[in-house]
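The chain contents come next:
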Amino acid sequence: MMWVLAGFTGLLIAIHMAQPRFKRQKLSAARFFADLPRAVQGRKTLRPGNPLKSRPLYPQLLILLLLLAALYSIQELRAAAPTTGVGLWILVDTSASMSTRQDGMTRMELARQEAGRLVSQAQARSQDHPFCARLTAFDMELREFVPAAQDALLIQGNLERMEHRPLGTDLSLLQNAIRQMSLQTNAQCPITHVLVITDLHAPEWVMNEATRTVIWVDVAKPVDNLGILSVQAARDPLTGLVRKVKLELVTYGLPPSNPKVEVSDPSGKLVLDHNLEWGSGNVWLGEFAVATAGLYHVQITPGDAYAYDDQVTISVDTAQLIHVDWQLADRSLFEQLGWIQDTDRPQLRVLPLGSTINDLPTLLVGNLYDLPAGPKIQIRYFYEGSVLLNDLNFDVLESLGLSGLSIPNGFTPVLQSQDEQIWLAQRSTPPAAIVPGLPTFTEDNLGKVSITIFFNAVRWLLQEKPLEPLYTLTSPAQPDPGVNRFALHPNEGNTGLPSVSYGDVNAIEPTPVIGQSDPVWPSFLALAALLFALERTLFIFGGQKWR
Amino acid sequence: MSTLLKTLPVSRSFLQRYRVQAQRRHQLSPMGQHLRQRQGHSLEYREHVEYTPGDDIRHVDWRASARFGDDKLLVRRFVAEESLSLVISLDARPSMRQPEDTAKLQVAAWIAEALARITLYGGDTVILHRLFDPQDGRAWRLSGQRDATHVYPRLCNLLEKESNSTEVNLKPLHDQLPPTAAWFILSDFYFDLDDQARLLAQRISTAQQGWRWIVLLDLNSWPYEKSKLPEGAYKILGPGVSTQGNDIQLQNMTLQEVEAKIYHHKETFKNMIPRAGYEYLTWEWPAHAFKPAEFFTQRFGQDNRLNRLFVRQA
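Protein chains in written order, with my numbering: chain A, 1 to 547; chain B, 1 to 314.
Do not rely on the hints blindly, as some may be mistaken.
Derived lysine to aspartate or glutamate pairs resembling DMTMM-like cross-links, with alpha carbons at most 25 Å apart [stated by the list, open to error]:
#, chain 1, residue 1, chain 2, residue 2
1, B, Lys235, B, Asp101
2, B, Lys171, B, Asp147
3, A, Lys23, B, Glu257
4, A, Lys23, B, Glu100
5, A, Lys26, B, Glu160
6, A, Lys23, B, Asp61
7, B, Lys261, A, Asp35
8, B, Lys171, B, Asp192
9, A, Lys26, B, Glu231
10, A, Lys26, B, Glu257
11, A, Lys26, B, Asp133
12, A, Lys26, B, Asp101
13, A, Lys260, A, Asp236
14, A, Lys26, B, Asp247
15, A, Lys246, A, Asp480
None of these hints come from the bench; they were simulated from the model.
Because the structure is a prediction, the values reported are computed rather than measured.
The following block holds chain A by itself, in its conformation from the complex:
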């Protein structure tokens, strides 16, 4: 836009310079100039000196430029926004802990009441200055309910739509959002104050926040709660099957009278029915065995103020077994281990030595055990620290008289004989191992060594691709608890903490809006008007002398 102004200025000067610059002079002896030769050189000669002599041009040009700058400023800055007022951003906690009941109502209901009351107070504090408010819910995400409202009533009406959700709380969302706001200008509702209504303590960064005034209202009161803190599965390391489920229960405040934990199996039979007793600590550990696949339901009785941690449902099924791409001809061990054949998404590939391998954890099996035993051969080199050598008796190994393996490039020898025969090898990335052969399951030294080597390799390879967890936590994408999806977010069940608030709505004062600048177009207009008045006054009183 400034280029347009500059171009316009240049055009005006050029037009002025192109005008015939004959000074008009009225004389009584004008008739005696009639016969003189006409001036030709003076016509329309662009001489740089002329604009400098033209007093009227420059004031008029300056006035015109100021008026144009004023118009430009109006469009670019959109100076209709107020510069001093109250813009209140209300953030209401809708996490799982807001379902806690206290004083006959949930914390969510209490938060809605507080928010409605405080927004009216804040509007009253704005006095005659502009007021606006924004309503947002937060838990594990920010959800906008009202982007901008000039009246507290609109905010209060939308508070009723807010409900708690079985999700955790991410305070970093608030901190980042408040700090990011200082870099932005919300033209609808410039924010001067932030009001957070939650059942969490006011964190330290609230007190140190320099960009906006943050008022933190903690509506929580300590209430007793007994609930499930964690659920862990004990799995067979080779099959992946859940064999046991370990429970961790916690109590905040006083435990209820006669608390009990009950676990029912897929048939409905109670596999755990335990009266809970508390000692010096507030954590109880227990477990139950998983005999068959199906749904297992864990329930704590009696119910209390916070319900999301009182029960969970666990599903144990074959999807949790180990999936293996078994390509050896001998499938007896595969069937014996109860693995699931899976060529699409296996956790482990078991291939004959010499096969083409990919990025999946791969066990390459040789055939050394099938070959005639040779004389005793001493071990020349071993890869110290390799998991493949766990619990191996080197003397027994040397007595087997094994031949050597031909290993492909990229593998590191783990066990090598004096005559440089390689009996074990491994690769770290991607993980792979080479073993002499399948376990023989004989009663001699070969049987013991072959079993040890094989399962060392399998354990090492399976840990690189862990099994899916027993359960997941609820998320904004899947907020409802269900089978193997629990609302056991950290700290949500910790209902025994006293409230810690910060700030006071009654301290709200109209504040200059950060990021907004005072409109500048009135200054340009005033200067143009002043210059115009001065120029006209000088002309009226000075007349031709001034010009």
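With chain A fixed as given, assemble chain B onto it according to the hints.
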């Protein structure tokens, strides 16, 4: 557009002092200057007397001298007019209304008003006359002290109307120029040198025959206007040129050329007057900014030629 004339910037007491000082300053002088005297020259014959050295040779009556013989010369004696008739003709053409801030017409009006009032204070007669534009060509006759207060309004009436007419207005003067009257013509003499100018020149010439004192007062504003023309390009506007003006690149040589043309123009007019028995006075404008009232007051008080109008012989 009318020219508003300002009132005379000097007081009545100034004018009365002016008349007294004029009478003390001057003595009788030879023929050719108008003097008010008890025994002098008029058209009324009184007697013949013998010529004595110093008498005006033009008044020798050759016929009577021949009759008497004896080689004696006889000189006619006349009865002098008791009262003065002052005729003031003012040029009110457009060029006289320039320069705008120090108009020649304004100064001419002040000269006319001052001379007229002094004349009227002495009980004499004044005729105020507009030199050009006979369509409005009246002549106001004022006489005696009582008419002194009417001078300014009569001048405004005569001069306020602008006119581009170059037709000389001589008819009102036919019976307003008695012998021995004084006739002041106030002009810048920028008018066209055409038939009208010749008529005026002829009238000036014939007026001299009745022992009238003819004064051509040239109001010359050229030095002042010249001072406002430094070198450069100008669009010259004014009387006698078209409304588009003349685009001139001025240099020193140009101004000298213009000055020469002005001088030549005025000389040409003077040469049109057959008889040279008139006085040509010049009031030059200063070549710098000035206040017209101060200029008039100083110039009028110091001009020894104008105040001879009021000299009287005891």
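Here is how each hint holds up against the structure:
1. This hinted pair checks out: lysine 235/B and aspartate 101/B have alpha carbons roughly 19 Å apart, not beyond 25 Å.
2. Of the supplied pair hints, the one linking lysine 171/B and aspartate 147/B holds, its CA atoms being roughly 23 Å apart against a limit of 25 Å.
3. The suggested pairing of lysine 23/A with glutamate 257/B holds, with an alpha-carbon distance near 20 Å, which does not exceed 25 Å.
4. With a C-alpha separation of about 16 Å, the suggested pair lysine 23/A and glutamate 100/B falls inside the 25 Å cut-off, and the hint holds.
5. The suggested pairing of lysine 26/A with glutamate 160/B holds, with an alpha-carbon distance near 20 Å, which does not exceed 25 Å.
6. A threshold of 25 Å between alpha carbons decides the hint, and for lysine 23/A with aspartate 61/B the separation of about 65 Å lies outside it, so the pair is violated.
7. Taking the CA atoms of lysine 261/B and aspartate 35/A, the gap is near 10 Å; set against the 25 Å cutoff, the hint holds.
8. Simply put, lysine 171/B and aspartate 192/B have alpha-carbon atoms about 20 Å apart, close enough for the 25 Å limit, and the pair holds.
9. For the proposed pair lysine 26/A and glutamate 231/B, the alpha carbon gap of about 16 Å is at most 25 Å, so the pair holds.
10. Restraint check: the Cα-Cα separation between lysine 26/A and glutamate 257/B comes to about 18 Å, which is no more than 25 Å; the hinted pair holds.
11. Straight-line distance between C-alpha atoms of lysine 26/A and aspartate 133/B comes to about 23 Å, which keeps the hinted pair within the 25 Å bound.
12. At most 25 Å may separate the alpha-carbon atoms for a hinted pair to count; lysine 26/A and aspartate 101/B meet this at roughly 11 Å.
13. Restraint check for lysine 260/A and aspartate 236/A: the C-alpha separation of about 29 Å exceeds 25 Å, so the hint is violated.
14. Only pairs whose Cα atoms come within 25 Å are accepted, and lysine 26/A paired with aspartate 247/B is accepted, the gap being roughly 12 Å.
15. In summary, the hint linking lysine 246/A to aspartate 480/A is supported, as the alpha carbons are separated by about 23 Å, within the 25 Å threshold.
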